[in-house]
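Enquirer: Here are the chains, one letter per residue:
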Amino acid sequence: MSGTFVGMPAFPAAAHEAVRNPTLRGNLRHATHTIRAKREKAVAEVSDWAQLREAGRRIKDHTLRHLDRYLVQLEESVTAAGGTVHWAVDADEANRIVADLVKATGESEVVKVKSMATQEIGLNEALEAEGIRAYETDLAELIVQLCEDRPSHILVPAIHRNRGEIRDIFVREMGEWGRPAPEGLTDTPAELAEAARLHLREKFLRAKVGISGANFMVAETGTLVVVESEGNGRMCLTLPETLISVVGIEKIVPAWRDLEVFLQTLPRSSTAERMNPYTSMWTGTADEDGPQNFHLVLIDNGRTDTLADEVGRQALRCIRCSACLNVCPVYERAGGHAYGSVYPGPIGAILSPQLRGTASEIDASLPYASSLCGACYEVCPVAIDIPEVLVHLRERVVAGGQVTRNGNKVLLKPAKGHAAERAAMRAARWAFAHPGALRGGQRLASRTRRFHPRTLPGPGRAWSGSRDLPPVPSEPFRDWWQRTHGGKDGAK
Amino acid sequence: MRVALFLTCVNDTLYPDTGRAVVKLLTRLGVEVDFPMAQTCCGQAHYNTGYRREAEPLARHFSDVFGEYEAIVTPSGSCGAMVRELYPRMGARARAEGRGSTLATALAAVVPKTYELTEFLVDVLGVTDVGAYYPHRVTYHPTCHGLRGLGLGDRPRRLLEAVKGLELVELPGADECCGFGGTFALKNSDVSAAMGADKVRNAESTGAEVLCAADNSCLMHIGGTMTRLRTGMRPVHIAEILASTEEEPAL
Chain H
1 MSGTFVGMPA
11 FPAAAHEAVR
21 NPTLRGNLRH
31 ATHTIRAKRE
41 KAVAEVSDWA
51 QLREAGRRIK
61 DHTLRHLDRY
71 LVQLEESVTA
81 AGGTVHWAVD
91 ADEANRIVAD
101 LVKATGESEV
111 VKVKSMATQE
121 IGLNEALEAE
131 GIRAYETDLA
141 ELIVQLCEDR
151 PSHILVPAIH
161 RNRGEIRDIF
171 VREMGEWGRP
181 APEGLTDTPA
191 ELAEAARLHL
201 REKFLRAKVG
211 ISGANFMVAE
221 TGTLVVVESE
231 GNGRMCLTLP
241 ETLISVVGIE
251 KIVPAWRDLE
261 VFLQTLPRSS
271 TAERMNPYTS
281 MWTGTADEDG
291 PQNFHLVLID
301 NGRTDTLADE
311 VGRQALRCIR
321 CSACLNVCPV
331 YERAGGHAYG
341 SVYPGPIGAI
351 LSPQLRGTAS
361 EIDASLPYAS
371 SLCGACYEVC
381 PVAIDIPEVL
391 VHLRERVVAG
401 GQVTRNGNKV
411 LLKPAKGHAA
421 ERAAMRAARW
431 AFAHPGALRG
441 GQRLASRTRR
451 FHPRTLPGPG
461 RAWSGSRDLP
471 PVPSEPFRDW
481 WQRTHGGKDG
491 AK
Chain F
1 MRVALFLTCV
11 NDTLYPDTGR
21 AVVKLLTRLG
31 VEVDFPMAQT
41 CCGQAHYNTG
51 YRREAEPLAR
61 HFSDVFGEYE
71 AIVTPSGSCG
81 AMVRELYPRM
91 GARARAEGRG
101 STLATALAAV
111 VPKTYELTEF
121 LVDVLGVTDV
131 GAYYPHRVTY
141 HPTCHGLRGL
151 GLGDRPRRLL
161 EAVKGLELVE
171 LPGADECCGF
181 GGTFALKNSD
191 VSAAMGADKV
201 RNAESTGAEV
211 LCAADNSCLM
221 HIGGTMTRLR
231 TGMRPVHIAE
241 ILASTEEEPA
251 L
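Protein chains in written order, with this note's numbering: chain H, 1 to 492; chain F, 1 to 251.
Isolated chain H, as found in the complex (with noise of 0.2 Å):
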């Protein structure tokens, strides 16, 4: 074994520190074993649900192979109801469009519905790097907010906090942020949730520009759809003046009939619930009603590259429900800020290093972030294979291979810090390749099982730190076999 083995950086370094956080460990077990339990629930009630399964995989699909036809059809739908589209094709040339825009109406605070769109690309630092104060109004994404915090979960950004902490985040943060929270606040569910409508009231009714993103695009009618639990959405989606929806290229539906598959498939896999409390669609503009402006920022930032993958593609099947995320053994016990991207978990694992690349130390430890379990791929509600592709993103790191990159085929060298255990991989292979040397193999740890310590040192540490060797036997199998059945094949 070699040194990478265990020297690999960002992800188990992470992992690390989450792992040995009592507090962490428990809120995430809790809220994940919860969540989990009631989804299994919530998708047996559904007699098809492998059929929706199916449908949903075939829908993106074909939608992903035809992305570029559905979006020039969106964007005519779009214009045609009384949008405006603009096209960003990375993170920064969309954040430039979006603070044009809030600048252009003269406004310099915005209030957002949840995103994980402007999250990827770091809306709300752009924004305030401009002057303009963005108010997150989910109330997870609010607790994340006023405390400085990233979140660690798609659907439940705060998922890593219990009631006592966002109890002590209302009480300091959200003065400063604006109405303060009530005297004598508790923890309880209600009172916090109370503090909170309080907190955003404010802010949706002072607003004039709305930030959102899409859970659907449309193509055929330009309608978006936000699904949602709190209503804060619908709030941003209907109050200001001016709407600015950040949605990924491959949010995208042909029709509208395709919602009816989705819209069961979503919520059934993210909260558990037979139906959402709120699904808000909006096409274009209406007079005397909703926003009188609306632009829709369409952002690539990576897609178009990870489309060019015939493997890897699937990943932008996703609908972020992140059921993946709530069984996830290892999510479970490295929590959301170890995988260093909005993405998190195994959707995370396989997304992260398409849409970035696998250069830096972090992107190219997420592929190993899963012992491969399959129970993402199980609960996946359009079938993303996150197996599969995991095992075909370490090909990449340690092979390196031809990827996509800005629309560029470009040949990728193997990851650093791979060189001793290709080595090693390349011994085994030979070992296994000649079965006489396996057998001496075998034989002189047999003879030396003695010797053999109890504990490894250097990289088998990684091992024995905290669990113990088995024994080697005084014979492998194939001297027994040989000494009793004679040895010969097929001879008994």
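If you are wondering where the hints come from, they were derived from the structure by calculation, not from laboratory data.
Where is the CB? At the ideal position from N, CA and C, for every residue including glycine.
Some hints could be false.
What the hints assert, rightly or not - Quick list of the computed label-pair ranges, beta carbon to beta carbon: (1) H:29 to F:151: 52 to 60 Å; (2) F:164 to H:41: 32 to 40 Å; (3) H:21 to F:230: 20 to 28 Å; (4) H:30 to F:68: 38 to 46 Å; (5) H:260 to F:37: 56 to 64 Å.
Stated by the list, open to error - Some chain F residues close to chain H (C-beta under 8 Å, calculated; not the full set): (6) 52; (7) 112; (8) 223.
With chain H fixed as given, assemble chain F onto it according to the hints.
Expert: Relative to chain H, chain F alone:
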């Protein structure tokens, strides 16, 4: 019936008792067992760590060694899943990369003939009561690749329920991964160890003397954690339980 035993490199080197138990069990059930001496490793560790091309010669070697047999039986859910799930994928990738169909053809020959042990017993031999005797309180951990990769379902459970004297107790969180995951156990040893400790605590809570599974790699991780945590529980491969009889009880 004559079958080839694919024991796997881990069992061969570290757990020869499992191999002896499989031979004893199958022989008792009237199956003629061969152990092709040229066998080595299915290539799973290479493949799953990202060394797909390094795994190819091992897969080809496997098909050379086992191709002629009527059936190939392995006491490992994860090596079984490697052959059945991933060999077709390897063949298809080689073809897609313009390297012809020879690998795909060679691998396709062994894929449908490869059975995990409990699958072979229940589906091919059609038995659930193998005449075993094992007077212990046992909890069963369905390993991930057996459970989700091969879809073993309740086959191991049915086999265990038919064992005389055996008291089977439910393992809380049975479907959750034990944290082994091959090289994952080394690359992410902290998370792996935390998962293993939780698995062992769940097993302990059942009051069982023995944790049983159909894969020695997972048992190596779970067992190593058990002794480190001084639980007094023992990890035992299902083959050893099924091979145990009143005349020749397993220890």
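Enquirer: Please go over all the hints and tell whether each is borne out by the structure.
Expert: Okay, the hints, checked on the actual structure:
no.: 1; hint: H:29 to F:151: 52 to 60 Å; in the structure: violated (28 Å)
no.: 2; hint: F:164 to H:41: 32 to 40 Å; in the structure: holds (37 Å)
no.: 3; hint: H:21 to F:230: 20 to 28 Å; in the structure: holds (25 Å)
no.: 4; hint: H:30 to F:68: 38 to 46 Å; in the structure: violated (54 Å)
no.: 5; hint: H:260 to F:37: 56 to 64 Å; in the structure: holds (59 Å)
no.: 6; hint: 52; in the structure: holds (5 Å)
no.: 7; hint: 112; in the structure: violated (21 Å)
no.: 8; hint: 223; in the structure: holds (7 Å)
Consistency with the previously given hints fails for numbers 1, 4, 7, ordered from lowest to highest.
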